[in-house]
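Go by the hints and put chain B onto chain A.
Just so you know, the protein sequences line up as chains A and B, in that order.
Each step along the first sequence adds one to the number in the working numbering, with nothing skipped, and position 101 is 134.
Each step along the second sequence adds one to the number in the working numbering, with nothing skipped, and position 112 is 297.
Hints may be right or wrong, so weigh each one.
Only pairs whose alpha carbons sit at most 27 Å apart, straight line, appear in this in silico DSSO-like list of lysine-lysine [claimed, not checked]:
hint: 1; chain 1: B; residue 1: LYS256; chain 2: B; residue 2: LYS241
hint: 2; chain 1: A; residue 1: LYS44; chain 2: B; residue 2: LYS222
hint: 3; chain 1: A; residue 1: LYS44; chain 2: A; residue 2: LYS90
hint: 4; chain 1: B; residue 1: LYS253; chain 2: B; residue 2: LYS222
hint: 5; chain 1: B; residue 1: LYS256; chain 2: B; residue 2: LYS222
hint: 6; chain 1: A; residue 1: LYS90; chain 2: B; residue 2: LYS222
hint: 7; chain 1: B; residue 1: LYS239; chain 2: A; residue 2: LYS90
hint: 8; chain 1: A; residue 1: LYS103; chain 2: A; residue 2: LYS90
hint: 9; chain 1: B; residue 1: LYS239; chain 2: B; residue 2: LYS190
The hints are simulated quantities; they were obtained by calculation from the structure and are not laboratory data.
Quantities reported herein were computed from a predicted structural model and do not represent experimental measurements.
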Amino acid sequence: DAGITQSPRHKVTETGTPVTLRCHQTENHRYMYWYRQDPGHGLRLIHYSYGVKDTDKGEVSDGYSVSRSKTEDFLLTLESATSSQTSVYFCAIRDRTSGGYYEQYFGPGTRLTVT
Amino acid sequence: DQQVKQNSPSLSVQEGRISILNCDYTNSMFDYFLWYKKYPAEGPTFLISISSIKDKNEDGRFTVFLNKSAKHLSLHIVPSQPGDSAVYFCAASRGTGNQFYFGTGTSLTVIP
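For reference, chain A alone in the conformation it holds in the complex (with noise of 0.2 Å):
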């Protein structure tokens, strides 16, 4: 257990309205990502974050933008949703393994549908 929750868990809401989704980490673990995951396309990164106010995009970064003003906490923000923007979306972090590699442990999702 990566100490990762999210929320919300569900969350329904009208095309063009502004949705914010938090993920939050105990583990004060540097890097942490955003993904969707949509059938057929597996996880898509979205946009990550490197440390504090140090964020990057990912291959789907289009109508998402995110912010880390605390290590805990990944804000995604989706400035006006649209129904392509309904999925499923999870919150990671990265964690250094003893041989010096790297793996990613993700948080339980939220599950967005935008109407």
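Below, chain B without anything else, positioned relative to chain A:
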């Protein structure tokens, strides 16, 4: 451009038999490979990994094989159990490990 591919969306296996899940990658710079298991309504959980300096890694019923020349890895589950029914994702990373690249997943069903 999908750098990690899982070409079988689904697989059904009888309980007690071997399950073999396959994964191909295109980027020769990848040096660490991971398998994740995902149950419905839960986040993916780390299962097993292998670095590019090895060709096999075992953990109980799970073994991952890496063929670098073919850019191919496979996950073997022996014996398969009904509780193994889940979606399995293959992932790869390189060097500093800032980003991880995931396949599209294979849904495994183990039939009792």
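Hint-by-hint comparison with the structure:
A C-alpha spacing of about 14 Å is found between LYS256/B and LYS241/B, which places the hinted pair at or below 27 Å, so the restraint holds. A distance of roughly 24 Å separates the Cα atoms of LYS44/A and LYS222/B; the hinted pair therefore holds under the 27 Å criterion. With a C-alpha separation of about 24 Å, the suggested pairing of LYS44/A with LYS90/A holds against the 27 Å cut-off. A hinted pair counts as satisfied when its Cα atoms are at most 27 Å apart, and LYS253/B with LYS222/B qualifies at roughly 23 Å.
Between LYS256/B and LYS222/B, the direct Cα distance comes to roughly 21 Å. Compliance with the 27 Å bound is thereby established for this hinted pair. Between LYS90/A and LYS222/B, the direct Cα distance comes to roughly 25 Å. Compliance with the 27 Å bound is thereby established for this hinted pair. Distance check on the hinted pair: LYS239/B and LYS90/A sit about 32 Å apart at the alpha-carbon level, beyond 27 Å; violated. With a CA separation close to 19 Å, the supplied pair LYS103/A and LYS90/A stays within the 27 Å bound.
Proposed proximity of LYS239/B and LYS190/B is supported: the alpha carbons are some 21 Å apart, at most 27 Å.
Of the numbered hints given earlier, the model fails hint 7 alone.
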